[in-house]
Amino acid sequence: MTEMRYIDDVVTLELDVSRCNGCTQCTLVCPHGVFRMRDKRAAVVDRNRCMECGACSRNCAQGAISLEPGVGCAAAIINGWLTGSEPSCDC
Amino acid sequence: MSECCGPSQPCCGGTPALEYEYGPEPYVDGTVDTFAGPVKRVTTELSSEDRLGALRVRLAIARNDYRVRPALYAIGAPDDTSPVLVTGNYKLTFDTLRGELGGRDVWLLVIDSRGVNVWCAAGKGVFSTAEVVRGIRDARLEQTVSHTRVVLPQLGATGVAAHEVRAATGFSAVWGPVRAGDLPAFLDAGMKATPAMRRVHFELKDRARLVGVEASVLWSRRSVIAIGVLVAAAFILPRLTSLSGEIWLLTMAVGVLAVLAGAVVMPLLLPWLPGRTFALKGAIAGALLLAVLLAVTVGAPLELWAWGLLSVGTALASFVGMNFTGSSTYTSPSGVEWEMRRAIPLQIAAASVGFALFVVSLVMGQVG
Ligand code: SF4
Ligand code: SF4
Numbered sequence: 001m002t003e004m005r006y007i008d009d010v011v012t013l014e015l016d017v018s019r020c021n022g023c024t025q026c027t028l029v030c031p032h033g034v035f036r037m038r039d040k041r042a043a044v045v046d047r048n049r050c051m052e053c054g055a056c057s058r059n060c061a062q063g064a065i066s067l068e069p070g071v072g073c074a075a076a077i078i079n080g081w082l083t084g085s086e087p088s089c090d091c
Numbered sequence: 092m093s094e095c096c097g098p099s100q101p102c103c104g105g106t107p108a109l110e111y112e113y114g115p116e117p118y119v120d121g122t123v124d125t126f127a128g129p130v131k132r133v134t135t136e137l138s139s140e141d142r143l144g145a146l147r148v149r150l151a152i153a154r155n156d157y158r159v160r161p162a163l164y165a166i167g168a169p170d171d172t173s174p175v176l177v178t179g180n181y182k183l184t185f186d187t188l189r190g191e192l193g194g195r196d197v198w199l200l201v202i203d204s205r206g207v208n209v210w211c212a213a214g215k216g217v218f219s220t221a222e223v224v225r226g227i228r229d230a231r232l233e234q235t236v237s238h239t240r241v242v243l244p245q246l247g248a249t250g251v252a253a254h255e256v257r258a259a260t261g262f263s264a265v266w267g268p269v270r271a272g273d274l275p276a277f278l279d280a281g282m283k284a285t286p287a288m289r290r291v292h293f294e295l296k297d298r299a300r301l302v303g304v305e306a307s308v309l310w311s312r313r314s315v316i317a318i319g320v321l322v323a324a325a326f327i328l329p330r331l332t333s334l335s336g337e338i339w340l341l342t343m344a345v346g347v348l349a350v351l352a353g354a355v356v357m358p359l360l361l362p363w364l365p366g367r368t369f370a371l372k373g374a375i376a377g378a379l380l381l382a383v384l385l386a387v388t389v390g391a392p393l394e395l396w397a398w399g400l401l402s403v404g405t406a407l408a409s410f411v412g413m414n415f416t417g418s419s420t421y422t423s424p425s426g427v428e429w430e431m432r433r434a435i436p437l438q439i440a441a442a443s444v445g446f447a448l449f450v451v452s453l454v455m456g457q458v459g
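Going down the list, the protein sequences come from chains P and U.
Counting from 1, one number per residue, gives the positions in the first sequence under the numbering used here.
Counting from 92, one number per residue, gives the positions in the second sequence under the numbering used here.
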């Protein structure tokens, strides 16, 4: 079965290749194969698969990756809207 | 997918560590001596008690937080050169891991993840750099092993920064595979995971398990009350209105079926339902099921009031389906917000129009 895809062109993931030192961490921690090494630097090869879990940015010691991590959960977002705070999944 | 680290439970539950009392440890079958003192050894055979416990957690009969005391454990007869695998203290994870590691000599460092699986715990920040550092220090790992390598669960990477663990403890991290079942192959390959081992999937059995867990959680709480209210309403409403009891029963059946469509049918059929948004998938599942229900009970072509019920039910199924995003393994918060901003106004519109149709038909005496 092919993997399911979510909505295109919405995620906040950004990679600043100029900061990358080629440590490969992001390619190891990403659960959706978003990164691949290209010419000894990280490259985003499938951006729309990103679920904004934040594993890559947390493990990039160079600070080359930025995104707004969070949980993709409707209840959390409703909580966030209602309380005006960060979305959280505390049910 | 095994429940090694993936979402075998919705990301809820867990009480603070300090308030938790750990039970007996029937899986401990001896000790292994190290320079840092004796370490408990655990069996790799799962007992009937372990399996029963897992079943009870799945069915939400037992507490959802089902924990192991955070500590270093030995599997087989590890020595100072043996690998160290780090994991959380959700007992189902612990059981799955030791079940996969039969015949091997490894150390298992169990971190306090508040009884929540690694992925959810990492997302909530309880399986964190600080907890891993604390676990390594408390176990005095540098005296137990002569190497400086720990295997961290890949799904813990959301909460743990490997370079910070190394800076704080001297231990560098190797990322283990997503699924516990791949651990033997990973270890045999010299701690290398293939790209496939690094990918998270969302297969039918994963979704079925989530549906089961969520349903059992719901079942045990609100739905008992809700069903009671519905049954009472089915008796009372016909006496208050001129409508027949059958219409009210049908209305309630529409409500129940709409929730089932969004919470059970939509998740199970996820890849086969058209569209990318969960709201649309839920709406389609709901509309199809409800159309069949209404056609069978009141007959096609539908009258106006039945269209009204269909519209309200479809909106409800869509809303419930949208909530399954929280259990999926591939939805981004930006995407969920994107779909909610578009779907919620439509859901409200469909529900209002449907309700208005139903009431207008009712007033005009077309119903019953
Ligand atoms: S983790 Fe950062 S530095 Fe390392 S390869 Fe990825 S982008 Fe480059
Ligand atoms: S946020 Fe998560 S899913 Fe997105 S690229 Fe980073 S590791 Fe991959």
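Everything labelled a hint here was simulated from the structure, so no lab data went into it.
All values derive from a computational prediction rather than experimental measurement.
Heads up, a few of these hints could be off.
Stretches of chain P that chain U covers, calculated by requiring three or more beta carbons in the stretch to come under 8 Å of a beta carbon on chain U [to be verified]:
| hint | segment |
| --- | --- |
| 1 | 9–18 |
| 2 | 27–35 |
| 3 | 47–55 |
| 4 | 58–65 |
| 5 | 70–80 |
Just a sample of chain P residues kept apart from chain U, beta carbon distances all over 12 Å, derived [unchecked claim]:
| hint | residue |
| --- | --- |
| 6 | R5 |
| 7 | G22 |
| 8 | D39 |
| 9 | K40 |
| 10 | R41 |
| 11 | A43 |
| 12 | V44 |
C-beta atoms are modelled at their ideal positions from N, C-alpha and C, and glycine is treated no differently.
For each hint, the structure was consulted:
1. Coverage of the segment 9–18 of chain P by chain U holds in this model, with 3 residues showing a Cβ closer than 8 Å to a Cβ of that chain against a need of three.
2. With 6 residues carrying a beta carbon less than 8 Å from a beta carbon of chain U, the segment 27–35 of chain P meets the three-residue requirement, and the given coverage holds.
3. Counting residues of the segment 47–55 of chain P whose CB lies closer than 8 Å to any CB of chain U gives 7, so the stated coverage by that chain holds, three being the minimum.
4. Against chain U, the segment 58–65 of chain P contributes 3 residues with a C-beta closer than 8 Å to a partner C-beta. That satisfies the three-residue criterion, and the hint holds.
5. Note: the segment 70–80 of chain P has 9 residues with beta-carbon separation from chain U under 8 Å; the three-residue rule is met and the coverage holds.
6. For R5(P), the shortest C-beta to C-beta distance to chain U comes to about 6 Å, within the 12 Å cut-off, and the non-interface label is violated.
7. Here G22(P) stays apart from chain U, with its beta-carbon at least about 14 Å from theirs, past the 12 Å limit.
8. Remark: the non-interface label on D39(P) is consistent with the geometry, its nearest Cβ contact in chain U lying 19 Å away (cut-off 12 Å).
9. The beta carbon of K40(P) is kept farther than 12 Å from every beta carbon of chain U, the shortest such distance being approximately 18 Å.
10. Interface exclusion of R41(P) from chain U stands, the closest Cβ pair being 18 Å apart, more than 12 Å.
11. Look at A43(P): its CB is around 15 Å from the nearest CB on chain U, clear of 12 Å, so calling it non-interface holds up.
12. Here V44(P) stays apart from chain U, with its beta-carbon at least about 14 Å from theirs, past the 12 Å limit.
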